[in-house]
Amino acid sequence: MSFKRPLSRHERAIIVTGILCIVLTLVLMQLWLLTATMNAWLGGDESIVWPAAAASTGCFLLISGLLWHLIRLD
Amino acid sequence: MIKKAFAMDIQHDPELHTVPPDRGAMDQQPKWRRDFPIDAVQDAYVARRDFTKYLGLTSLAFVVGQFWIALQSRWRRARGRAPIVAIGKLVDLPVGEAVSFHYPTESDPALLIRQDETTLLAYSNQCTHLQCPVLPEFDSGRLHCPCHRGYFDMQTGRPLAGPPRRALPRITLKVQDGTIYATGFEKERA
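In the order they appear, the protein sequences are chains F and B. Taking my numbering, the leading residue of the first sequence gets 1, the next gets one more, and so forth. Taking my numbering, the leading residue of the second sequence gets 75, the next gets one more, and so forth.
Since the hints were made in silico from the structure, they are not lab data. Treat each hint with caution, since some may be false.
Between beta-carbon pairs, the in silico distance windows are [stated by the list, open to error]: (1) Asn39/F - Lys105/B: 54 to 64 Å; (2) Gly44/F - Leu164/B: 19 to 29 Å; (3) Phe110/B - Asp74/F: 31 to 41 Å; (4) Glu180/B - Gly58/F: 34 to 44 Å; (5) Leu73/F - Gly154/B: 48 to 58 Å; (6) Gly58/F - Gly98/B: 39 to 49 Å; (7) Leu73/F - Pro237/B: 41 to 51 Å; (8) Gly98/B - Gly18/F: 23 to 33 Å.
Don't be surprised by glycine CBs; every beta carbon is placed ideally from N, CA and C.
Put together the whole structure using the sequences plus the hints.
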């Protein structure tokens, strides 16, 4: 019989803080990516537009996965 | 017996304790805080969890922004090449003078410059900082944006000083039978 101990409040707080740090880093990367893409696009360089959209989507999927874990914590 | 065990549980289980914001003992807190206790640990947990969830929405907004740029780029390409537009007669533009025109649409101001007998230059007349019109300074060979003291090289359109970081879009020109035509935009130079 397997027994899974529920996480204590302190442990959950540590996990939430960890997830918050990773998500914040990813969101800041997305912000930088958006401003860099906008700058390049306004300057006439369109080659970076679709790869940047794909990278931003990748960040969003990672964040979604982390949020899924976060919601499961409760 | 059960009641006593439960009371012991409350005493020893930190999960069931309300921790005040200053982490002090509850009986040392002011009466108003004892009447309306805030569990600081739970409060921090909920605040961080909700902030993280909002960051998820922010991330989604950035993705929407990226795809908006990508779709705008596709539409720009779908519109095709810029039109060929007659600007005016070459003889009407003396050396060391500039004239305003609109290209590629009536809402896009542009500037045609005759630097010397053989050099014609044309740029979008919107500063790449905040879209103020730029003024040619023939003596120094620069284009000056008076709004925030931005300067561009007249020969290349590259930013020289001030807040602009991108070059002015350069319009390609053609002279045929004494008439100057705008034929498109040059790709940005590295």
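Need the list of violated hint numbers for this structure, in ascending order.
Hint 3 alone not satisfied by this model.
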